[in-house]
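Top line first, the protein sequences correspond to chains C and Z.
Each residue of the first sequence is one higher than the one before, starting from 26 at the first, in my numbering.
Each residue of the second sequence is one higher than the one before, starting from 26 at the first, in my numbering.
In short, the hints are calculated from the structure, not lab data.
Among the hints, erroneous ones may be present.
Identical copies look the same in the list; a pair holds intra-copy or inter-copy alike.
As the list claims (entries may be wrong) - Straight-line C-alpha distance at most 20 Å; calculated EDC-like pairs for lysine to aspartate or glutamate: (1) Lys157 x Glu270; (2) Lys210 x Glu173; (3) Lys157 x Glu235; (4) Lys159 x Glu189; (5) Lys210 x Glu92; (6) Lys157 x Glu262; (7) Lys114 x Asp83; (8) Lys210 x Asp171; (9) Lys295 x Glu270; (10) Lys159 x Glu270; (11) Lys159 x Asp195; (12) Lys210 x Glu89; (13) Lys295 x Asp266; (14) Lys210 x Glu235; (15) Lys157 x Asp195; (16) Lys114 x Asp103.
2 protein chains.
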Amino acid sequence: MHIAVDAMGGDHAPDEIVRGALLYRAEGGVAEIVLVGRDDTVRAALGTSPRPGITVVDARDVVEMHEHPSSALRRRNDTSIGIATALVKRGDADAVVSAGNTGATMAAALLTLGRIRGIDRPALCGMLPTTKGKPACLIDAGATMDAEPNNLLQYARMASRFMERVHGVDRPTVGLMNVGEESEKGGRLQQEAHALLAGSTDINFFGNIEGRDPLRGTTDIVVCDGFTGNVLAKGMEGVVDVFREGIRNDIFGGLLGKVAYGFALRGVRKLRHRLDYDEYASAPLLGVNGVSVVTHGRAGANMVRHAIGVAERSVSQGLIAVLGEQSRIGAA
Amino acid sequence: MHIAVDAMGGDHAPDEIVRGALLYRAEGGVAEIVLVGRDDTVRAALGTSPRPGITVVDARDVVEMHEHPSSALRRRNDTSIGIATALVKRGDADAVVSAGNTGATMAAALLTLGRIRGIDRPALCGMLPTTKGKPACLIDAGATMDAEPNNLLQYARMASRFMERVHGVDRPTVGLMNVGEESEKGGRLQQEAHALLAGSTDINFFGNIEGRDPLRGTTDIVVCDGFTGNVLAKGMEGVVDVFREGIRNDIFGGLLGKVAYGFALRGVRKLRHRLDYDEYASAPLLGVNGVSVVTHGRAGANMVRHAIGVAERSVSQGLIAVLGEQSRIGAA
Chain C
26 MHIAVDAMGG DHAPDEIVRG ALLYRAEGGV AEIVLVGRDD TVRAALGTSP
76 RPGITVVDAR DVVEMHEHPS SALRRRNDTS IGIATALVKR GDADAVVSAG
126 NTGATMAAAL LTLGRIRGID RPALCGMLPT TKGKPACLID AGATMDAEPN
176 NLLQYARMAS RFMERVHGVD RPTVGLMNVG EESEKGGRLQ QEAHALLAGS
226 TDINFFGNIE GRDPLRGTTD IVVCDGFTGN VLAKGMEGVV DVFREGIRND
276 IFGGLLGKVA YGFALRGVRK LRHRLDYDEY ASAPLLGVNG VSVVTHGRAG
326 ANMVRHAIGV AERSVSQGLI AVLGEQSRIG AA
Chain Z
26 MHIAVDAMGG DHAPDEIVRG ALLYRAEGGV AEIVLVGRDD TVRAALGTSP
76 RPGITVVDAR DVVEMHEHPS SALRRRNDTS IGIATALVKR GDADAVVSAG
126 NTGATMAAAL LTLGRIRGID RPALCGMLPT TKGKPACLID AGATMDAEPN
176 NLLQYARMAS RFMERVHGVD RPTVGLMNVG EESEKGGRLQ QEAHALLAGS
226 TDINFFGNIE GRDPLRGTTD IVVCDGFTGN VLAKGMEGVV DVFREGIRND
276 IFGGLLGKVA YGFALRGVRK LRHRLDYDEY ASAPLLGVNG VSVVTHGRAG
326 ANMVRHAIGV AERSVSQGLI AVLGEQSRIG AA
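The shape of chain C in the complex, shown without the other chains (with noise of 0.2 Å):
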């Protein structure tokens, strides 16, 4: 197995990833690594030694986070993640993994690898931490404006299938993110979601769900359009911002704080713990013709690290097979 990795995307590209992807190989990953980005950068990051299993691939270019994704990518045809991509498509890789700007990463998948026969749509499927230790997924997270309630019924087929074969979740529970528990609530986009969800026997259907539900583990996948999605999740990590700088500034900022620190230090760690999702911070983009996974911009080694075992785990799971398979027997 190769898994070909953008090593110029994300913001601590290349030495973060280079180094996640070094930490992947020294932990026992099996895949075998596909750097690519500029040679002599990605070299250097590498250093003189051998590293079996870790390859470097060329790429010129790179599409920049705040840069306007598919006009990048039509415009260039160097970038790391566009070759990375391409390797999938010709089979020299079995699945990409970028830190990169995710605009970047959808566009390149959904133009070069295409959708899966029988999704309409691909949907981002972003882990978050919940207090109950357990990871969850946000599906959509971004990928698609104006979805119908077919598509969030999509959704929830494919990350029932991510969440049993990827995390090992048995039956994982499906919630309708929605601003009441009753079926009546919500648009109309809700309300025949809810009735398509309720009627399908290949997920376990919780119901709907609210706001505060995600971050509480209530269910294994939230389930809600791409628009709602990225929003929700870009304001948790928002608030999630407030208290990390008020926690460090505020509480344990000055003398006495520091102090304080000393005494606090195994709470601290507790709690940093609980919030802890580098184990799952990735986000595969789901209902492409390939294993794409999108981790965080601001993604460290250790996170680059657990988004390849994704990656590595979609593929010895035949992912894309299981939902080829589920699609054809939903459309029928």
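Fit chain Z to the supplied structure of chain C, relying on the hints for placement.
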């Protein structure tokens, strides 16, 4: 001026609601308060001393937090929120304030007071704390599902007048909640609303903002459809809850944690103060033909007091007339 307060609505009713009314008066509030609820219960909470400027109107029933709002209101005609809203309709009160079932407060306002002419759909204007130390408002926080682009323009206009008149913000900036900065981002609703907002001269349009922006105070007003607003507000609140519990139990729990707390006290207060939004934790329902202010279900006395203050300023500033006037201009 008279303000009808639903004395039975909210997790801490009637005690904290009654205390909030007393606090409002004690701090120099000019409006007379009409407490609406079970006569005996409310009088017991009021105590035996004379309470100038506070009267009680009996209502035998209450819409509980988890009841279906409009069916409860249709079936029962002696609920505290129904009677409080009817006082406004009859002119016996100038505004209604409730910490109870938000859906019931909205349904009562819409059924009893009706809409302002020229406003197609009402919107809940939820106040948020920001790290800039000033409040922002999120409109619509959940009053209307399936909003159309023109509704979002009306929300932006109503919130602009509200922030100018009631919160004294000069030329408040308006951000459109979206998944990216560029004008072509989002779905049909956001793209069309962006064009309407950009072409409107009676608002100070900033452009698109993202899920992290409301808490950062990027704009004074955050405009979105009620489904997104409700999910975002609850999602952010869920994260706040997790951190509050984490700080209390993980960081400062246990023996060492308690020692740490002693040293960190000043910092904890600083963080708490930064995120304290008692002062503006109210959500006026804009677009209905009367002043109706919702506050948090968990509201304590201080929050109730400030919500009454928001209602008072809305009345004294002639907010309903201002909204009616601008909607006639907007429609012209």
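Results for each hint:
Only between protomers do lysine 157 and glutamate 270 lie at most 20 Å apart by alpha-carbon distance; the minimum there is 14 Å, versus 24 Å within a single protomer. In this assembly of identical chains, the alpha carbons of lysine 210 and glutamate 173 lie at most 20 Å apart whether taken from the same copy (16 Å) or from different copies (18 Å). Taking CA atoms no more than 20 Å apart as the test, lysine 157 paired with glutamate 235 passes inside one copy only; the shortest distance there is 17 Å, against 28 Å between copies. With identical chains, the CA atoms of lysine 159 and glutamate 189 are at most 20 Å apart within one copy only, with a shortest distance of 14 Å there and 45 Å across copies.
Taking the shortest Cα distances, lysine 210 and glutamate 92 sit within 20 Å of each other only across copies (13 Å), while inside one copy they are farther apart (38 Å). With identical chains, the CA atoms of lysine 157 and glutamate 262 are at most 20 Å apart both within one copy (18 Å) and between copies (17 Å). Taking the shortest alpha-carbon separations for lysine 114 and aspartate 83, only the intra-copy value of 17 Å comes in at or below 20 Å, while the best inter-copy value is 73 Å. Proximity of lysine 210 and aspartate 171 under a CA criterion of 20 Å is satisfied in both settings, with 19 Å inside one chain copy and 11 Å between copies.
For the identical chains of this complex, lysine 295 and glutamate 270 are neighbours both inside a copy (17 Å) and across copies (12 Å), given an alpha-carbon limit of 20 Å. Proximity of lysine 159 to glutamate 270 under the C-alpha cut-off of 20 Å is restricted to the inter-copy arrangement: shortest distance 18 Å between copies versus 25 Å within a copy. Taking identical chains as interchangeable, the C-alpha atoms of lysine 159 and aspartate 195 lie at most 20 Å apart only when both belong to the same chain, with a minimum of 13 Å there against 46 Å between chains. Taking the closest pair of Cα atoms, lysine 210 and glutamate 89 come within 20 Å of each other only across two copies (18 Å); inside a single copy the shortest separation is 40 Å, beyond that limit.
Within a single copy, lysine 295 and aspartate 266 get their C-alpha atoms as close as 17 Å, and across copies as close as 16 Å, so both meet the 20 Å cut-off. Taking CA atoms no more than 20 Å apart as the test, lysine 210 paired with glutamate 235 passes inside one copy only; the shortest distance there is 11 Å, against 25 Å between copies. Taking the shortest Cα distances, lysine 157 and aspartate 195 sit within 20 Å of each other inside one copy (16 Å), while across copies they are farther apart (45 Å). For a Cα distance limit of 20 Å, the shortest separation of lysine 114 from aspartate 103 inside one copy, 15 Å, qualifies, whereas the shortest one across copies, 67 Å, does not.
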